[in-house]
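Enquirer: Once you have looked at the hints, place chain B on chain A.
Letter by letter, the chains look like this.
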Amino acid sequence: MAGTRDGGDPPGADPAVAASRDALAVVFREEGSRLTASVMRVLGDFDAAEEVVQDALLAAWQQWPVEGVPQRPAAWLWTVARRRAVDVLRRDLRHREKLALLAWPAEQPSEPEVDDDRLRLVFTCCHPALAPEVRVALTLRTVCGLSTAEIASGFMVSEAAIVQRLTRARRKIAAAGVPYRVPADDELGERLRDVLAVIYLLFNEGYLCNAADRPQRHDLSHDADWLAGLLVRLMPTEPEALGLLALIRLHRARAAARFDARGRLVLLRDQDRGQWNRAQIAAAADLRCCAAHRHR
Amino acid sequence: MKYVLPFCGTDEDAAAFEALTPEQLRLRYAHVGAWCAEHRSKIGPSNQLQAPDTATSVRFGPDGPPVVTDGPFVEGKEAIGGYAEIEVADLDEALRMAKSWPGRGTVEIRPVLTRR
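Just so you know, the protein sequences line up as chains A and B, in that order.
Take 1 as the starting number for the first sequence in my numbering and just add one per residue.
Take 1001 as the starting number for the second sequence in my numbering and just add one per residue.
This is chain A alone, in the form it adopts within the complex (with noise of 0.2 Å):
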């Protein structure tokens, strides 16, 4: 499943602490991005959303290698997050007058309310409203949890331009009124292709460069992957989605052979196709076939 990441045993002087870190590495971006979306729902705003997630994920961070990582890390981060929500309502007085309709439920909420929650994330994120640079920086942000940092050495940009493009987005959602919801059927294929766009550009940014050049740089195509296939998991039935998956995926199973030892690009005739990986391309192909079938 894409975005999933393999736990495993790290090595490292405290295997407690290191095993606990890295339970939260890969609970981080999964958990995350649905805690996110459900309590941007309960709140309806964005800046104190990110807040609130930030905080649990960081109360995590502490606990976690001190009491071991809790059984059903969703749920735990769940309960923080909402003892956070209700702090942060009582502390803003825009929120009082809300905090008393409020009913936040006391369980996460189920699997398909999470996967709503988070697809209505992603159009909020894509909206045509905000400048197409914007949308990409917030998606990365909102829905795939990176850091500022992060983002900015994707696009190799200063972090002060990305918090300022952050900044200005979510202004601009709250004052304009951008909806928090999945586009009405009518709406949705348009909606759609701004939000493949946004994914297209990262593969891009991130495909176009070359990693060994500046190991340092994040890698944004390792990031539009896993969005993708988050995209397909949201809405199984679209074909656009899946063929978007099935190229990055394509692309990516080659991208061992694409510079040489001296970090020139090298052409497709000219790659050693030794170096492509057999079994993702098998893969690839095969999304690409589902994608196909289901072609309207």
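Take the hints with a grain of salt, since some may be wrong.
[What the hints assert, rightly or not] Below are the BS3-like pairs computed for lysine-lysine, each with C-alpha atoms no more than 25 Å apart in a straight line: (1) B:K1099 <-> B:K1077; (2) B:K1002 <-> B:K1042; (3) A:K172 <-> B:K1002; (4) B:K1099 <-> B:K1042; (5) A:K172 <-> B:K1042; (6) B:K1002 <-> B:K1099; (7) A:K172 <-> B:K1099.
Calculated directly from the structure, the hints in this document are not laboratory data.
Expert: Just chain B now, kept in the frame of chain A:
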């Protein structure tokens, strides 16, 4: 959410409007009328404005008295030809309305500042 939709157009848009035959003009107004009727429950105060050259602007500088000039405040290519205040659920609904506007030019969607 409350928004104001300023309907803007360039000189070319204005010239094209002037060049409409009486029959075309009647049709255009009929379409605009139908649009207004369709969205009646969501439309507040709205008006078509007189041509931009009828405007007078009062501009405040960093200091000194304001300067009164002949003409609209923006010296750009586009001028506001009319406006409508609308009350809708969110930006998507506003976008849907703006996209179905039967006139030409550009429709801006500007959220109204509400006191919390």
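Enquirer: Now, for every hint given, state plainly whether the structure supports it.
Expert: Structure-based check of each hint:
1. B:K1099 <-> B:K1077: Answer holds: K1099 (chain B) to K1077 (chain B) is near 21 Å, not above 25 Å.
2. B:K1002 <-> B:K1042: Given pair K1002 (chain B), K1042 (chain B) holds - Cα atoms ~9 Å apart, limit 25 Å.
3. A:K172 <-> B:K1002: This hinted pair holds, its Cα atoms lying about 15 Å apart.
4. B:K1099 <-> B:K1042: holds, 15 Å
5. A:K172 <-> B:K1042: holds, 22 Å
6. B:K1002 <-> B:K1099: Holds - the C-alpha atoms of K1099 (chain B) and K1002 (chain B) are around 17 Å apart, at most 25 Å.
7. A:K172 <-> B:K1099: holds, 20 Å
Violated hints are absent here; each numbered hint is respected by the structure.
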